[in-house]
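Chemist: Sequence:
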Amino acid sequence: MTEAANQSSGNIVLDRRFAWAQAAAHEGAHAAAADILEQIIAEAPRWPAAWHALGEAREKAGDQPGAVTAFRHLADADPSGLHGAQLHLARLGADQPPARAPDAYVRGLFDTYANRFEAHLTGDLAYRGPQLLTDALRVATTGKRQIFHFPRVIDLGCGTGLMARSMSPHYDDAQGVDLSPRMIEEARRTGLYAGLHVGELTTFLQDCPTVSAELVTAADVLIYLGALDTTFVETARVLISGGLFAFCVQHDEDQDWRLGQGMRYFHSRTYLTHLAEAAGFQVLSIDAASYRKDAGQDVPGLVVVLMRA
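For the sequence shown, position 203 (counting from the first letter as 1) is numbered 187 according to my numbering, and the numbering increases by one without interruption.
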């Protein structure tokens, strides 16, 4: 059961039983956890956290139809999408994947995660997206005989500021945007941003003036979006001619984009190249590289640098 699911019912007795169910699931007793959760739901049928936990418990107990039923109830009880019902249903093959993860889901995930984000990402997951992007940008600017320096940078999905730390010697003004207020709080502590904004990245770009940045970065954030066409178009509009868009994604060539079992999206090289050309970008580099691990395994990825024509 995920931390995002841990919300109070408003009833101390049900909350205590919910904790028992969590403990059972933690011990691997998923069928027992499901039984406790079914009893809780009989008394609190609109409690999203219980439906979420029941879906996970049933799935791990091998009851996929029961899990699908629970996640459908979750979708009804949680219209904001905080618990990711649409993503769970798509992951289980019960529905088509949404074009993007719900904002409430991403915000809740990273608000919960913020205080241990860096240690987990750079330690357990061996995350190196910012360094790979910085290296790719250095190569790209050298190849174009440009100075490796950017007056104005927009850091999409800035998180705690890891990308800014990697690039800080090479820019004058950085604006960061992230859906999670708690991640923004962590980024503010770095002192590396001229401005920080809580919001969805494409909406933020739409509010930015035309030709107002020399560089846009997106380190490990586009994995929460499937369809990227609007993001590419708006990034191109914001960049000056010759401006760069540097990002990394999880890579799978089977489809333009797909939702993985980890509820993060994968994108194909073909899809990214098509979007780049349609939005007015030149592809400077698109290199295969794993920039993080998942369950101890390297996740296939692409590190991409595009230039605005």
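Hints should not be assumed to be uniformly reliable.
List of simulated lysine to any residue pairs, SDA-like, C-alpha gap at most 25 Å [stated by the list, open to error]:
(1) Lys44 <-> Gln80
(2) Lys277 <-> His235
(3) Lys277 <-> Ser225
(4) Lys44 <-> Glu102
(5) Lys44 <-> Asn99
(6) Lys277 <-> Asp236
(7) Lys44 <-> Ala61
(8) Lys277 <-> Asp119
(9) Lys128 <-> Lys277
(10) Lys44 <-> Gly226
(11) Lys128 <-> Thr96
(12) Lys44 <-> Ala279
(13) Lys277 <-> Gln23
(14) Lys277 <-> Gln239
(15) Lys277 <-> Leu93
(16) Lys128 <-> Ser269
(17) Lys44 <-> Ser269
(18) Lys44 <-> Asp60
(19) Lys128 <-> Ala28
Cβ pair distances, simulated, as ranges [what the hints assert, rightly or not]:
(20) Gly280 <-> Ala26: 34 to 42 Å
(21) Gly77 <-> Gly12: 51 to 59 Å
(22) Ala211 <-> Gly280: 50 to 58 Å
(23) Ser152 <-> His10: 22 to 30 Å
(24) Pro153 <-> Gln23: 28 to 36 Å
(25) Ser152 <-> Pro49: 22 to 30 Å
(26) Ser64 <-> Gly127: 40 to 48 Å
(27) Ala273 <-> Gln48: 47 to 55 Å
(28) Gly183 <-> His133: 22 to 30 Å
(29) Ala83 <-> Gln245: 52 to 60 Å
Simulated from the structure, these hints should not be mistaken for lab results.
By construction, the Cβ of each residue, glycine as well, lies at the ideal position given by its N, Cα and C atoms.
Chemist: Which earlier hints turn out false for this structure, listed by number in ascending order?
Modeler: Structure breaks hints 3, 4, 5, 9, 10, 11, 13, 17, 19, 21, 22, 23, 24, 25, 27, 29.
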